[in-house]
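J.: Using the sequences plus the hints, can you model the full thing?
From first to last, the protein sequence lines stand for chains A and B. All letters in the first sequence, in the order written, are residues 1 to 416 by this note's numbering. All letters in the second sequence, in the order written, are residues 1 to 416 by this note's numbering.
None of these hints come from the bench; they were simulated from the model. Predicted model, so just to flag it, every value in this text is computed and none were measured. C-beta: ideal position from N, C-alpha, C; glycine also. There's no promise every hint is true.
Claimed, not checked - Interface residues of chain A toward chain B, partial, derived using beta-carbon atoms under 7 Å:
#: 1; residue: P52
#: 2; residue: G53
#: 3; residue: R55
#: 4; residue: G57
#: 5; residue: V60
#: 6; residue: R77
#: 7; residue: H360
#: 8; residue: S361
#: 9; residue: A362
#: 10; residue: D377
#: 11; residue: K380
#: 12; residue: E384
#: 13; residue: S388
#: 14; residue: G393
2 protein chains.
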Amino acid sequence: MGKKALLLIQDGVGDRPIASLKDRTPLEVAKTPTFDRLADTGICGLMDPLAPGIRVGTDVGMLSLFGYNPLRVYCGRGPIEAAGVDLEMQESDVAFRANFATVTGDGKIVSRRAARIREGTASLAQALDGMSLSDGTKVIFRAATEHRAVLILRGERLSHMVTPSDPGPDQAGEKVLEIYPTLKQSAAAERTARLAAEFAAKSREILREHPTNKERINKGLLPANYVLLRGAGVRRPMRSLAERFSIRGACIAGESTVKGVAKMTGFTVISDPSFTANLDTDVMKKAQAAIDALAEFDIVMLHVKGPDIASHDNDPQEKARFFELVDNACERIMTETAGADDTIFALTGDHSTPCEIGEHSADPVPVVISGTGVLRDNVKSYGEHACSSGGLGRLTGNQFLLSVLDLIDVTYRFGS
Amino acid sequence: MGKKALLLIQDGVGDRPIASLKDRTPLEVAKTPTFDRLADTGICGLMDPLAPGIRVGTDVGMLSLFGYNPLRVYCGRGPIEAAGVDLEMQESDVAFRANFATVTGDGKIVSRRAARIREGTASLAQALDGMSLSDGTKVIFRAATEHRAVLILRGERLSHMVTPSDPGPDQAGEKVLEIYPTLKQSAAAERTARLAAEFAAKSREILREHPTNKERINKGLLPANYVLLRGAGVRRPMRSLAERFSIRGACIAGESTVKGVAKMTGFTVISDPSFTANLDTDVMKKAQAAIDALAEFDIVMLHVKGPDIASHDNDPQEKARFFELVDNACERIMTETAGADDTIFALTGDHSTPCEIGEHSADPVPVVISGTGVLRDNVKSYGEHACSSGGLGRLTGNQFLLSVLDLIDVTYRFGS
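T.: In structure tokens form, the structure reads like this:
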């Protein structure tokens with residue numbers, strides 16, 4: 001049995017000092033004896049998901065933690081969502097992230113998420129899948145979690161350089177946006193915008209007559225009578241992390257973006273309906289999944305979404321409370337794998353989300369690596385202030401992952 | 001009113017330990033209670049304008065602090081000087097930095113700066129502006145401060161790959177250099193070298209007969225009878241910082257290079273004849289300009305040239321004295337804007353200029369960011385030694401600027 005690594009990825013972990021917490025952060029006020037022990041026995045530092053001063057989304061933050069340079073491989077949310085629902089993209093495909101929505105006859109949005117529809121989306125999606133559009137373009141359409149779905153346009157001379165039809169959050173009452181090319185004088189972009197509009201119009205006819213929607217209307221529910229599109233992207237050539245280092249990797253997650261990135265990089269995704277990608281997720285069940293996965297895989301990524309949710313809700317107390325739950329789960333993993341002293345434990349996040357701004361920020365993420373072979377530094381606890389004087393210094397998400405892989409001896413030499 | 005940021009950019013701020021100062025630096029021996037308070041309440045670090053080990057000029061250092069990658073956008077001093085005198089460059093233009101000089105009949109330099117001519121350069125420049133050269137090439141010529149001027153060649157198939165005619169400082173008695181192409185087998189570079197030589201010859205005829213020069217000779221002054229050229233460059237496509245982040249920015253400066261970079265990046269330049277870009281600048285008037293600008297703009301850059309001048313003069317005492325003046329001015333700005341606790345104060349520089357070498361060096365610049373949302377570290381004073389253990393770690397000029405912009409919430413997310 002070779003060495004193993006567990007990366008705990010807490011979404012939105014980093015924060016800024018909060019006046020009501022006496023200028024400490026949620027991570028610093030939370031009682032987290034396990035995180036602190038890892039910091040004390042390990043090496044700490046600050047991690048910029050991409051580079052200092054750059055705010056990133058979860059998709060970009062995760063790509064970096066999976067060893068990629070997002071500036072090279074990132075191409076919109078569509079392809080990540082497609083990977084999340086196991087759709088293989090071909091080279092000329094364009095993928096969109098899609099939402100089932102409720103729209104009035106004259107194109108005004110009643111609900112961007114069709115009142116967060118959960119039931120019947122698979123059958124709605126099936127009615128759209130396989131549709132033929134002009135110029136021989138084929139539609140591939142799959143439902144994802146809740147109101148979410150994925151659209152792939154498959155044909156020739158397509159481009160991802162088109163605008164979304166989705167006007168974004170809090171836009172009830174707004175009109176659906178017209179899709180137009182963002183690249184000037186590109187026949188492919190113009191054509192793709194036209195095809196996306198054609199899909200929207202044809203799918204609207206089909207959804208209007210669909211039994212699931214008739215049933216919803218009878219029940220007094222909003223019908224999922226429109227598909228909003230955004231995040232158009234093409235497949236970028238990516239050599240999977242698993243293949244690059246000949247490792248077996250698992251990712252334990254509830255969130256579709258994280259699952260999508262993990263699948264793109266050749267990791268096995270372990271999920272469960274109780275992994276809600278929210279504050280009510282079953283953290284202990286995730287811990288058990290991690291314990292099981294460590295027996296089988298070389299590297300296990302355990303993602304929790306809770307800190308980011310609490311931060312977007314501007315709730316530092318809730319963020320701190322969630323850290324305590326995760327700390328507890330981490331303790332369980334360490335106890336259960338105590339025999340395996342070859343396991344490297346790493347604490348990180350995909351980006352910072354300060355509670356006071358309720359938004360992702362460019363503040364670096366505090367990180368820890370603990371285990372055999374680690375050069376222990378003087379940092380005694382896991383927090384933003386403490387980690388800033390750690391022995392790792394300041395590195396990118398990509399570099400952090402490689403540093404962990406190096407400690408489990410799966411990296412290879414550049415040069416001879 | 002959103003959050004604001006003030007960046008104090010002290011030219012050549014960083015230094016090396018000086019034996020006569022008991023191995024401290026000018027910044028460390030200067031009494032700077034305001035800088036120290038900012039360091040104490042803020043987060044500190046070391047900034048490499050471009051990258052560790054790379055010496056930069058003020059132009060490159062400023063480009064980095066304005067958020068650009070100089071390796072991509074920098075193309076000689078000519079285009080920056082052109083922006084500084086409000087000349088709009090077209091895509092095929094080549095701009096040169098020019099000097100009025102005094103040259104003998106057989107082309108030997110008597111004075112590279114025509115004895116630092118100050119009067120009458122506008123009228124001399126006007127006599128050259130609009131000149132026609134071979135192949136339909138047009139001359140655009142403007143006077144800048146003192147002996148400085150800008151030449152733009154406007155025509156087709158021009159190239160910036162040509163050598164300077166200016167042999168550089170301390171070359172009195174040397175011959176004016178011949179301009180030749182630096183790109184082999186490039187018709188455009190050969191043509192541009194020929195056109196620049198044609199401009200030099202024709203302008204010489206015109207300057208010889210110009211009333212301003214006849215008057216100077218009568219007064220016993222050296223005539224400005226030649227135009228030396230250097231820093232040929234073309235316009236590089238640059239999206240202005242102001243546009244990129246939808247911010248209103250102001251730059252308070254006396255130096256033409258700094259003004260040029262600021263204008264290129266969409267900032268409003270605030271200047272005054274008392275801003276001399278020297279040790280005798282009116283620092284308190286600059287402070288007042290900063291106070292006024294903070295009421296109107298999102299980000300204000302306040303540049304002082306003094307530390308660099310004292311360093312080039314190998315004068316650590318004078319450098320320290322100048323820091324004390326600026327510290328005082330900084331105190332005034334902080335007092336006057338005390339109501340605005342949303343203002344982020346940042347201390348930085350465009351590069352280091354150690355007094356003992358009297359030249360720009362690659363030593364990193366000590367930096368501070370203080371204000372709401374900043375993760376305070378353990379550094380108590382502003383200096384090279386103290387900042388090296390700061391919580392920011394080590395970042396580039398570009399990353400430093402983005403980190404400040406992130407704190408005033410004007411950055412946007414990469415990914416979703």
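J.: Need the list of violated hint numbers for this structure, in ascending order.
T.: 10, 11
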